[in-house]
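Q: As a plain string of letters, each chain reads:
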Amino acid sequence: MMKGVACMVGLSVAVSLAGCSFGMSYRQEGDQGSINLGAGVGEPAPAPSVDRSVPPEVGPPPGVTFPDQVRFTLDNGLRVVLVERHQVPVVAVRLLIPGGGGAVEPHQAGLAVLAADMLDEGTTTRSAMEIAEGVERLGASLGSFAGWDASVVSLRVVKPRLEGAFEILADVIMNPSFPQEELERVRREQLDRILQSMDEPRALADNAFVNVLFGEEHAYGQPLSGTRESVGALTREAVADFYRDRYVANNSILIVVGDIDEEEIRELLNGTLAAWRRGIPRSFARPGTPDLRSAAVYVVDKPDAAQSEIRVGRIGVDRGTEDYFGLTVLNTVLGGSFTSRLNMKLREEKGYTYGAGSFFDMRVWEGPFVARSGVQSEVTDSAVVEFLGEIRRIGEEEIPEEELTRGRNYLALRLPQQFESVSDIASRLSELLLYGLPDDFYDVYVDRVLETEAAGIRALAERYLDPEEMVIVVAGDRATIEEPLRRLGIGEVVILPGPERDQGS
Amino acid sequence: MKRMALALSLALWAPGTLFAQAEEEMDVYIPYTQFTLDNGLNVIVHQDRSIPVVSVNLWYQVGSKNELPGRTGFAHLFEHIMFEGSANVPEGDFDDHLESAGGVNNGSTSPDRTNYWENLPSNALELALWLEADRMGWLLDSMDQTKLDVQRDVVKNERRQSYENRPYGLAFETILEAAYPPDHPYHWPVIGSMEDLSAATLEDVSDFFRTYYAPNNASLCISGNVSVSGARDLVEKYFADIPRGPEIPGVEYPDPAFSEDRVLVLEDEVQLPRLYMMWHSPAVLSEGDAEMELLASALAGGRSSRLYRRLVYEEQVAQDVSAFQDGGEIGGAFYIIATAKPEVDLDVLEAAIRQEVESAAYSGVRDEELERARNGVETAFVGMLERVGGFGGKADLLNRYHFQAGNPGFVRRDLARYRDATVAGLGEVARVHLIGRGSVVLSVVPRGREDLAARKDQ
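Line by line, the protein sequences are chains H and V.
For the first sequence, our numbering begins at 53 and goes up steadily by one.
For the second sequence, our numbering begins at 4 and goes up steadily by one.
So here's chain H without its partners, still in its complex pose (with noise of 0.2 Å):
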C-alpha cells in the first residue's frame, strides 16, 4: 500500500544522506506481505494500433524459482543457511538470536535492546572506537538490534572487503564485554531517546495502545525500548545475563546472502564463529493472554496537537496461526493496501488523513492487531465512527469478487520483488527460520494466497475483528477530542496520564 517515505535530498548520490529536506513522496511509509512465483519469460506480443480505451491485457505472471538455500551445522551447533546471489558484489549476514523484547520481563523493558546495542561497544580484544573504525573503514555497516522475537546481528560490506569485516562481526558477537562506562553512555542516549519520543504523537499513541491491551504484567505491554523506569533500573549484570543466556552457538541461526559460496562462507567460519560457545539458551514462558477488553476509549493529550493519532485493535494472532493466509487477505482488503477500504475511506474519500492502514502483528506469540491514521483534529470523533464502520462492515458483507482479487493478486503476484536484494532474501530466510515455517512456504504461498474465499474470510472477519471488542485508543489535543468522543457513546472515555516530562537521564 502506502509506499516508504523516500524523500529526496536535492540529487545527489545517496551516500550519507542524513535528511530529506526537499522531496515529498506521495504515499507514507507502510508496511507488506511477502510472496512468491513460478517460472519462464515471456515477450510481449507485438502489438497493433492501440485502443487507449481499455486497459492492455496483462496475461500470466512469469514465474521465478526460488533461490536455492544451502544449509548445515557446525559442530557447536550454530545452524548456517546460505543463499548465493552474484549479481553485485555484495554480501549480507545476519545472525538471528531467538528472544527479543518478547523474552523479557516487563519490569525490565528495553534490556534486549540495551544488550544488543551493547555488542559492539567494546569486546575482550576491541575498544567501541576500533570496533567503529575497523568497520566503518571498510564502507561496511554493522548492527545489532533487538525486535520482538529475536535479537539480530547483522553485516553488509562489498566483497572484496569481507574478510575484515567478517571478523569483527564475529568478535563482537563472541566477544562482548559491556564496558560499564559505554554501558552508561548508551542507557543515557536510550534513555534520551525515550524522551524525544514523548513528544512524537504516533509513539505516544502506540504506547498507550498496547498498554492497555496487555497491561503491566506482559511483555508486550511495555515499549520495545522500555521506559525511563525500566532502563534505569538495568544494570551490567543483567545485561551479561542476557547475553550469556541467549546469545549462544545452538541457539542461533546466522543467514548469509550475497556473492559468496560455500566453501568461502566455510572457511570465513573456521577461523571465527567455529569457536563459539555452546550454551544452554534460556527458555522464556508463554505468558497469559489478558482478558478480552471492552470496548472504550482511551485519550493521551498532546495540547495543540494538529492531527490526532488514532489506534483501533485488539489482541489478534501469533505468527503460527492456521488462518495466516486468510488474515492476510482479509487484512490487505480491510488496510493493507493503497486502495484498501480503510485507507480509500479516511483518506480519498474524507479526506482526513494523508494515509490509514491495518495489520496483524504476528509474533511468536499473540501480537497486536492495529488498525491506524494520523487524521486533522477536528475530525477525530468522525474518523474513529469510520474506523468501526468498516471493521464492522468486513465482517458482516462478504467482500466482493472483483475487489478480493484485486487483494489476492496484489499479495500473490508481488512475491518477487520481495525477493530482489540481498537484504530482501535475508529477511525472507529470517521469516522462515525464526517462526519454523515449513521448507516449502513461499513454494506455495501463491496458491494459498489464491485459494482464499470470501465466505471464509467473513467468518475471520466475525472472529477476529468484532467492532464490539476494540480497544480505542487517541494520541491528540484533549480540548478538542475529548467531548466529540464522548458524544459517540462507544463507552467510557478514559484520560490516560501523559509521560512525565522531567528532564534529564
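The reader is advised that the hints may include incorrect statements.
[Stated by the list, open to error] Keeping only pairs whose Cα atoms sit at most 30 Å apart, straight-line, the calculated DSSO-like set for lysine-lysine is:
#: 1; chain 1: H; residue 1: Lys402; chain 2: V; residue 2: Lys159
#: 2; chain 1: H; residue 1: Lys397; chain 2: V; residue 2: Lys459
#: 3; chain 1: V; residue 1: Lys459; chain 2: H; residue 2: Lys402
#: 4; chain 1: H; residue 1: Lys397; chain 2: V; residue 2: Lys159
Keep in mind the hints are simulated off the structure, nothing from the lab.
Put chain V on the given structure of chain H with help from the hints.
A: Frame of chain H, contents of chain V only:
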C-alpha cells in the same frame, strides 16, 4: 542469461590490512539502450533478467524550482493530481489496475524534478505504459475543480503530518527561507505555501501541466526483465502519439550568496535542542560536489567520524550528529545537524563544529578519514545496483544521470569523482565554502528555552 555487466577483478587483498589499496577493483556499469521519439521523449531501456520484474520510471524535468512566487506548490500538487484519473483511466482505477497485477508504485517531487515509478511482474509492462502515457497525454481531459479541491486537502493533511505535527518539522523550511532570497527558486519548500495553493485556479494548474508535463520534458526508463525491442515497440505504441509540448522556459535565479551569518531560533514541542547549520555549496556534479560529500562523511559519517567521536562519544554533549551535501541543479547546500543532550547549550555544539570544520580546512583530513568516506561511497554505489527500480534503483539512476549529466551511463564517471578526490581537495572545499562565508544557524529549542539557543546574544 545475460547478467548485468559488473566486472570484478579480484585484486590481492590481505586479511587484516585495513588500509585497502586506493586503486579499487570494483567497476560499476549499467548497460542500456537509448533512443528519442519524434515528440522529444527520451527513452532508456536496461535489461536485467535476474528476477521477473520490470520497473517503469518516468522523470519529468520539473520541480518546485520551476514555480513562481505566488504560485508555489504546483509541482507537488500535480504529483497528486496525476493519480486522479485521465481520459481513459477513470478516477480510482490507477491503483486498482496496478494492484490487481501485483504492482507497486509511488512518486516524488523535489525542487529539481518529479518522478513516478511502477514496479511490476514483467508481464504487466504494457499496463504500466498505458497508464503513464494516458496521464502524460490526456490528464487534463478529466481534470476538474472537484479533483483539484480534494487533492489540495490531501496535501494539507500531508503537510500537517510531515511538518506541523512532527518535532523539528519546520526546520528545513525555515532554513530555506533564510538562505535564499524570495525570488530564488529554492526559497520555497516543495509543498508550497497554503495560501498559494488555496489561490490556485484550475486554469493556473492546467497551464503548468501543459508546459511541463510533456514528452519533450520527460525521460522514460524501463529496467528489468524485458527485451529491448519489445520495450521499444510498446513505448512507440503508447507514447508516439502524444504531441510535443512547448519550449520549456528556463529558470532564472539570483546569486544566493551572503557573507554574514543568519541566526534563527524556533521553539517547538521538542525535548532536546537541535542545531542546524547550513552553507551554500557546489551544485550537483559540479566541481567540489563530490569532495563536499566526502567531507560530510569525514566530519559526521559513522561513529568514528570527527564530530560523532567528539560530541557524542567523548564529550557526550550530543545525542546525534549528521552532515550531508545536498547538491541541486542550480546550487547546493551543505548541512551539519546536531541534537544536543538535555540542557546542553547549542553554543557548545556550534563552537565544537566550527572548530572541527576549521581543522579540516586548515590541517586537512587524514588519509584514513578519506579512505573511510570513499569506501562508504563505494558500498552505496554497489547497493544502488541491486534494484531495478523504485527510489534509487537502476531505472532511477539512469534517468537521473540523463538529466543531470546528459548521459545515462554516467555511473562509472560518477564513482570516479569520489575515487579521484584527494585529501587536499577536501581541505580546499572546506576552506572555500565553509570558512569566511555566511551560514544559516538555526536553533530549535523546547518551548520557553531560548536560553539554549546558539548566539542568543545576537
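Q: Hint by hint, note whether the structure agrees.
A: Quick rundown of the hints versus the structure:
With a C-alpha separation of about 13 Å, the suggested pair Lys402(H) and Lys159(V) falls inside the 30 Å cut-off, and the hint holds. Straight-line distance between C-alpha atoms of Lys397(H) and Lys459(V) comes to about 48 Å, which puts the hinted pair past the 30 Å bound. For the hint linking Lys459(V) to Lys402(H), the alpha-carbon distance of about 45 Å lies beyond 30 Å, and the restraint is violated. Between Lys397(H) and Lys159(V) the alpha-carbon distance is near 17 Å, which keeps this suggested pair within the 30 Å criterion.
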